[in-house]
Amino acid sequence: MDTSSPTYLVLDLTGTFAFALNGALTATRIARLDIVGVITLGMFTALGGGIVRDTLLGALPPATFQDWRYLAIAAGGSLVAFVAGRRLDRLAIPILVLDAAGLSLFAVSGALKGLELGSGFGQAVILGAITAVGGGTLRDVLIREIPSVLTSGLYAIPALAGALIAVAGDRIGVADLPSAVAGAVLCFLIRMYGVHFDVDAPKPR
Amino acid sequence: MDTSSPTYLVLDLTGTFAFALNGALTATRIARLDIVGVITLGMFTALGGGIVRDTLLGALPPATFQDWRYLAIAAGGSLVAFVAGRRLDRLAIPILVLDAAGLSLFAVSGALKGLELGSGFGQAVILGAITAVGGGTLRDVLIREIPSVLTSGLYAIPALAGALIAVAGDRIGVADLPSAVAGAVLCFLIRMYGVHFDVDAPKPR
Amino acid sequence: MDTSSPTYLVLDLTGTFAFALNGALTATRIARLDIVGVITLGMFTALGGGIVRDTLLGALPPATFQDWRYLAIAAGGSLVAFVAGRRLDRLAIPILVLDAAGLSLFAVSGALKGLELGSGFGQAVILGAITAVGGGTLRDVLIREIPSVLTSGLYAIPALAGALIAVAGDRIGVADLPSAVAGAVLCFLIRMYGVHFDVDAPKPR
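Protein chains in written order, with our numbering: chain A, 1 to 205; chain B, 1 to 205; chain C, 1 to 205.
Bear in mind the hints are in silico, worked out from the structure with no lab data behind them.
What you are looking at is a predicted structure, and each value in this text was computed from that prediction instead of being measured.
Worth double-checking, as some hints may not be accurate.
To be verified - One-sided and incomplete, this derived list gives chain C residues near chain A with beta-carbon spacing under 10 Å:
1. Ile51
2. Leu142
3. Ile146
4. Arg171
Ideal Cβ positions, reconstructed from N, Cα and C, are used throughout, including at glycine.
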């Protein structure tokens with residue numbers, strides 16, 4: 001997929017917005033953080049995955065810094081979440097849903113950008129998963145949580161599945177939009193299934 | 001500003017030295033760290049911001065690895081702090097002042113390097129702030145503190161203000177030295193004001 | 001050393017395998033991690049150092065993403081450790097030995113890759129040490145331990161020593177294999193000596 005196409009931009013910018021809301025809502029639950037801390041955590045969460053992806057691809061400066069819309073959407077989403085978070089009592093559900101949405105959109109956009117810049121099939125799938133889990137992992141490290149990608153069985157797996165669908169669709173010549181949407185929807189559904197039923201993969205011992 | 005100019009080098013190397021002292025003094029307060037841990041934390045703190053800046057700019061290898069003075073000053077500053085730290089009873093104040101100094105110098109040098117390598121106005125300001133908070137954030141993650149950039153209302157804001165002054169000065173044609181110094185001084189004063197009066201930005205709820 | 005030479009590839013891929021086993025075994029000791037978490041931590045540990053090295057060298061995309069063997073060995077080693085870890089009661093010793101092996105191999109391979117891509121003598125040594133400690137530091141940050149490179153006196157020092165021997169051997173014209181092996185063996189012996197006798201460098205106060 002051409003990364004300047006509207007489909008790609010909508011995927012990537014919507015993922016940025018979802019992660020900005022997610023990161024900032026997560027921050028509002030931590031007592032010591034004020035508005036600057038909330039917006040900063042939102043921006044790290046929103047932009048982290050894309051920055052890691054573009055660094056690994058050698059596509060520097062990252063899209064985040066070349067296109068002002070990423071910074072604007074990340075800051076705007078964080079600000080919205082700061083205001084909304086003060087009015088919401090129950091944040092656990094929206095935080096999980098937004099995280100799943102960001103995960104899904106970035107898995108697809110990361111994989112497709114990898115393909116466009118010349119990654120092989122397997123590498124593009126891995127790169128999609130890294131893009132998807134990058135922002136949330138950075139968020140968790142900054143607030144001293146063990147990252148979801150380590151503790152939650154169905155976190156890396158749906159990202160890999162979504163990226164795989166998007167890459168496979170591209171390779172067999174399906175049009176951009178349906179294969180991207182199919183990948184993102186599959187990732188989202190697997191992730192929400194895991195969250196809802198608290199599914200984990202097999203544990204050691 | 002030309003990044004090979006003496007003004008730029010003095011800013012960037014002095015920031016490196018301030019963060020090396022700061023990181024190493026922080027390390028001496030953690031009981032389990034020996035001299036290698038102290039120097040390593042000093043070097044991470046001193047070099048982290050510049051490495052992140054140069055990676056985001058695609059200016060690789062980073063200046064840190066192309067110019068031996070960065071490594072020498074980071075290691076030397078850390079060693080000085082290791083020796084001095086054993087003789088000082090009260091480290092809290094010097095640690096805060098050195099952190100504010102590094103923050104101010106890197107906000108300006110990061111923004112100006114961004115401009116020189118082609119970043120837009122807004123991106124250069126953000127890049128200056130990332131350079132400024134990068135080393136301290138890495139330091140805090142490594143010693144398992146929640147980073148200052150999240151918890152302290154006046155940490156990212158003075159960095160953005162200092163970077164803004166430096167970039168604006170460059171754009172309206174003020175000479176390098178006065179606009180850089182004005183940006184750094186402004187950042188330092190706002191940061192120390194925040195530390196002294198324990199000012200925070202508005203909090204959620 | 002030519003980084004496409006068999007000697008270099010054996011060093012780098014064996015280091016990847018050792019760190020994959022180490023990271024995954026470390027993960028099996030953390031109660032909350034399931035198989036995906038174990039493999040993910042193994043892959044972060046195995047691939048982290050090389051990704052940091054290639055990013056600092058501007059050699060992007062990193063070797064990890066250009067050569068499928070790195071991903072395969074990292075995933076395979078992690079899977080082996082997941083299975084084996086369920087059968088082993090005492091993991092502390094293998095974890096330490098594998099960490100020392102990865103440290104030694106990556107110190108040498110990182111330094112030699114730095115030299116080949118044009119780093120100076122001192123920079124190549126530092127780069128070797130960063131490659132060596134990178135994966136383990138990432139591992140420790142993700143599981144919220146203070147990294148070994150800060151707490152253990154003989155962790156950065158053996159990496160620097162091993163890298164120094166490899167770089168010096170290359171410069172004075174010793175053949176690739178003996179100088180690389182000598183550097184790795186020296187690093188491994190110093191590290192195991194430090195582990196066995198619990199040696200630390202001087203501490204503050």
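Here's how the hints hold up against the structure:
Hint status for Ile51/C relative to chain A: holds, with the closest Cβ pair at about 7 Å, below 10 Å. Hint on Leu142/C holds. Least Cβ distance to chain A is approximately 6 Å, under the 10 Å limit. Checking Ile146/C against chain A by beta carbon gives a least distance of about 12 Å; that is not within 10 Å, so the hint is violated. Evaluation of the Arg171/C hint against chain A yields a violated restraint, the C-beta minimum of about 29 Å exceeding 10 Å.
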